[in-house]
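Got chain A; can you put chain B on it based on the hints?
Residue numbers (my numbering), protein chains in the order written: chain A, 1 to 93; chain B, 1 to 189.
Just so you know, these hints were derived from the structure itself, not from any lab. Ideal Cβ placement from N, Cα and C applies to all residues, glycine included. Don't take each hint at face value.
[Unchecked claim] Cross-link-like lysine-lysine pairs, in silico, BS3-like; alpha carbons within 27 Å at most:
1) K80/B <-> K2/A
2) K52/B <-> K137/B
3) K13/A <-> K80/B
4) K8/A <-> K52/B
5) K80/B <-> K85/A
6) K155/B <-> K13/A
7) K155/B <-> K52/B
8) K85/A <-> K60/A
9) K8/A <-> K137/B
10) K16/B <-> K13/A
[Stated by the list, open to error] Simulated restraints, written as ranges between beta carbons of each label pair:
11) K121/B <-> K85/A: 40 to 46 Å
12) R20/A <-> G122/B: 41 to 47 Å
13) V167/B <-> F82/A: 33 to 39 Å
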Amino acid sequence: MKPGSEWKDADWKAYRELMREIQETDFVLVELNLYLDTHPEDQAAIAQFNQYVQKSMALKHRFQTMFGPLYGFGNSFSPAPFAWKEAPWPWQV
Amino acid sequence: MWIYEKKLQYPVRVSKCDPRMAKFLIEQYGGADGELSAALRYLNQRYTLPEKVIAIVNDIGTEELAHLEMIATMVYKLTKDATPEQMEAAGLGAHYANHDNALFYHNAAGVPWSAMFIQAKGDPIADLYEDIAAEEKARATYQWLINMTDDPDLKDSLTFLREREIVHSQRFREAVEILKADQTAKKFF
Chain A
1 MKPGSEWKDA DWKAYRELMR EIQETDFVLV ELNLYLDTHP EDQAAIAQFN QYVQKSMALK
61 HRFQTMFGPL YGFGNSFSPA PFAWKEAPWP WQV
Chain B
1 MWIYEKKLQY PVRVSKCDPR MAKFLIEQYG GADGELSAAL RYLNQRYTLP EKVIAIVNDI
61 GTEELAHLEM IATMVYKLTK DATPEQMEAA GLGAHYANHD NALFYHNAAG VPWSAMFIQA
121 KGDPIADLYE DIAAEEKARA TYQWLINMTD DPDLKDSLTF LREREIVHSQ RFREAVEILK
181 ADQTAKKFF
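With the rest of the complex left out, here is chain A (with noise of 0.2 Å):
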């Protein structure tokens, strides 16, 4: 894993793309959220939830391997030094 500083055309390219991938999964996740905030007995809708809770957890793992990590305050892993600054902030990219 490189600091951000030193990504090549070819990093920035694959970080977009999971990115977006990561985007476009968390994205069905809030609007089913707010969907069986209101609708809590819909179990179809609650099965394809849980499906993408498990799409969007394997697609962070495999981007924080590559990026760094996702989240502060403990809920990613770290390699030395501690990464949590490397990986650009959502405002610069």
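For chain B alone, coordinates are given in the frame of chain A:
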């Protein structure tokens, strides 16, 4: 508590440096119907709402924080390379004098954000009706902003946010119906 996630909810790209558009977009950052107002309004109301609607208000309030970050990213990207001369020509001279190119919570006319923009009445129907109105006003503002730019990248992100206001409005309307049904239901003790 909240856990920060190093990602935007939806990608934000801009085609060019455009401080003129940034000046208008800041309405949705620190304006009365903007994302800061939305997030703080909902996250404050949730404590005293009935159990059945806390989740939806909590979760929409949380999503608003993600929208606040998207608007901030737009404003930041549109102004980061602007010179003082460009800022002034775009009507941001007064902003520059006080803040350089930093963001600040004020509306398009420069009026700073105020808690007077939002309310918590303690009456769940009154609070949820305010929330529905807030979403509709934010949706209208996004439409006016979309009308004011020809930047296709910016339009794409703004269109996403406009759509989210519609979804939030619908969910708040459902929350009202849930409370009404609960009120009129026969209760046996």
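Verification of the hints:
In summary, the hint linking K80/B to K2/A is supported, as the alpha carbons are separated by about 26 Å, within the 27 Å threshold. Pair hint K52/B plus K137/B holds up; C-alpha atoms about 25 Å apart against a cutoff of 27 Å. Taking the CA atoms of K13/A and K80/B, the gap is about 23 Å. The hint holds against a cut of 27 Å. Restraint check for K8/A and K52/B: the C-alpha separation of about 50 Å exceeds 27 Å, so the hint is violated.
A C-alpha spacing of about 21 Å is found between K80/B and K85/A, which places the hinted pair at or below 27 Å, so the restraint holds. For a cut-off of 27 Å, the pair hint linking K155/B to K13/A stands: about 23 Å separates their Cα positions. Distance check on the hinted pair: K155/B and K52/B sit about 36 Å apart at the alpha-carbon level, beyond 27 Å; violated. Of the pairs offered as hints, the one joining K85/A and K60/A holds, with about 17 Å between alpha carbons and a cut-off of 27 Å not exceeded.
In summary, the hint linking K8/A to K137/B is not supported, as the alpha carbons are separated by about 43 Å, beyond the 27 Å threshold. Note on K16/B and K13/A: the hinted pairing holds, with a Cα-Cα distance of about 20 Å set against a maximum of 27 Å. At about 43 Å, the CB distance of K121/B to K85/A agrees with the hint of 40 to 46 Å. Checking the proposed 41 to 47 Å range against R20/A and G122/B shows it holds: the Cβ atoms sit about 43 Å from each other.
Hint check: V167/B to F82/A, Cβ distance near 38 Å, so the stated range 33 to 39 Å holds.
Consistency note: the structure conflicts with the earlier hints numbered 4, 7 and 9.
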